[in-house]
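Taken in order, these protein sequences are the chains called A and B. According to my numbering, the residues represented by the first sequence are 1 to 264, in order. According to my numbering, the residues represented by the second sequence are 1 to 300, in order.
None of these hints come from the bench; they were simulated from the model. Among the clues, some could well be false.
Mimicking PhoX-like on lysine-lysine, the simulated pairs with C-alpha atoms at most 25 Å apart in a straight line are [what the hints assert, rightly or not]:
id, chain 1, residue 1, chain 2, residue 2
1, B, K158, A, K5
2, B, K277, A, K187
3, A, K187, B, K130
Here is what each chain is made of, one letter per residue.
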Amino acid sequence: MNILKRNNVQVIGSGEVTLMLAHGFGCDQNMWRFLQPMLENRYKIVLFDYVGCGQSDASAFDKQRYQSLDGYAQDVIEICEELNLEHVVFVGHSVSCIIGSIAATKSPDIFEKIVMVCPSPCFLNFPPDYFGGFEKDDLEELINLMDKNYIGWASYLAPLVMGQTNKSELIEELQNSFCSTDPRYAKPFAKATFFADDRETITKLKLPTLILQSKNDNLASVEVGLYMHKAIPNSTLDVIDAFGHCLHMTEPGVVCEKIEQFLG
Amino acid sequence: MTQPSLDSFPCLLMVTDFETNKLEYINRSASACLGINTDDIQQHSLFDIISKASSIFFESYVRPTIVSTGECQEVQLSLVASSGEKLPAVANIELAQAKIYWSVYTAVARDRLYQELIEVRGQLEEETEKLVRLTRIDPLTQLLNRRAALDDLNSLQKRLQRQFIPVSFVVIDIDLFKKLNDTYGHSHGDEVLVKVATILLHVSRASDIVVRWGGEEFLVVLYGSCVEDTHCFCERLHSAISSLNDSIDGEVSVSVGVSALSADYSVCSEMIDNCIKEADAALYQAKSNGRSRTEYFESI
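Based on the sequences and whatever the hints tell you, model everything.
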C-alpha cells in the first residue's frame, strides 16, 4: 500500500517547520488553496485528502476503519510516519481538529502544536451541559439530504445500475468538479463527523493549541470555542470577527497571521 | 411585450449577503412560499429560511464551492416557512460581488421520488449483503467456505506485507471420519462436523479466520498469535473435542498441524500458500504419530 498515493499527499515548500493542513468534511485539500501560497515560502506544507475524499485512492476505503474518526486519525499518523515527520504543526479545519487531537493523543511524539480552525468536539446538544448546536433529528435530516443531493448529482446510482463500479470513469467525472466526493465514502464520513462526541478526547490533548473560532459560525459557535478552550489545558482561543465556517477560505490573511504569531 | 417583473416568475428568487447571510431580496413567489413580507426581509437571515441540516450542508459544501468556483448547481435543501413547515427545494446558486443569488424551485415530488430511490437502494444493499454472505458461508457448519477464506487470506497477505504481525496457520482434521460416517451414518457425520465447527468458533477469537477447508478438514488462522498463544489454542481445542465424547456416539478426536509465519516470509508473495503447505505437512506427521495430537512444522 502506497500511503502517499492513497491519501494524495503533496509536499510543498521547504521550511524547517512542517505544517500539515487537514481538510474538513465535505471537501478536500483544495480548501487550503487560498492559505497555502501565504505559507509555502516559510514552511514545509503537507497537504492530503482523507481516503474517500478528493483524489485519494478510493479502493483503500475500508467501511469498518472509516466508520469512526479513529480511522481518519490513523490516515494522519500513517502519512507522518511514511514521510518521517517530526515536530509537526497540525492545522485542521472543523472535524479535522478532532481527528488531529485523536492522532496527537495516539502518537504524541509526531506532533508539536495544533491549530484548530472552527472546531467542534460534538455537534449534538446535550442539555443542560453542552450545546453543540444540533438535535439528532437535524443530523439525521443532514444524512438524508446528502443522499438526495448525491442522487441529484447522478454519480450515486451509476455503480448500482452498472452492477459494478466503473471507477476510472467516475473518478474522471468527479475530478471535473470542485470538492466532489463519492457519496459511498462521504456518507460514512458525515456520520463519523456529525454523530461523534469527542468532548472527552480533547481533554487529553497536551500540546500547545491555537483555537481560531469565527464570531458568526452556524456550525461551531463561539460558545463551542469557549468550551474547547476550557477543555484543552494548553490552549489559546482567538475569536475572529468574521462570518462563516471556512475562515481559511474567506479570511486566509487573518488565519495566516494568527498561525505565524502562534508559531513565533 | 412589456419587460416582465421578477415577481412574475413561478420560482423563488432571492439574494443573500455572502458575509452576513442577511436576506436582501425576495420575489413574490419566495415571499408567498416562505410567509415573509417583502418589507420585513432585513430581519431575516438565510438560516431562518433553511433547515438546520441544510445550514450544515450549506456551510460545509455550498459555501466552499461558491468561493472556489462562483456557483453551485442543483442543490437540494429544505426551506422552512415562517409557519415552521419544511418544504423540499432545489437551488441554483451563484456568487457575485459578495452577494449570493438564488433561484429555487420547490421539489416535493422529486423529493418523494428520491426518498423512494434511497429506500430501494437500502433494500438492494441489504439483499446484496445477504447474497455475499450466502456465497461466503458453508451452509452446514456456518464457517467461512474455502472461497471466502482465499479472499480473506489475500487481504491478510497485503496487510502483512505492510506490517508484520505474528500469524499461525492451524490445519485440523477429524480422525477416522470415514469410519464414523460408515458406522453411524452420514447424518451423524454431519452432526460431528457441526459440533467441531462450533468448538472452533468457541476457542478462536473474532479476529481469527475460521474455515471449513474441505470435507472433514478445517483451517484456523490465528491473527496476532505468538507460539505460546498457538500452543494454548491447540490444547484448548483438544480438550474441548475430547469433552464431545460424553454427548456423542463414537470416538471423536482431531489431528492438528501448525505452521507459524516467520518475519522472513513477509517479503514473499506465496508466504500464505507455503505456510498452509507446512501446516499440512505437520498434520500428516500428527496422523503418522498416532492421531489426536498436534505437530508443529518447526519441530518436524
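Which earlier hints can't be squared with this structure? 2
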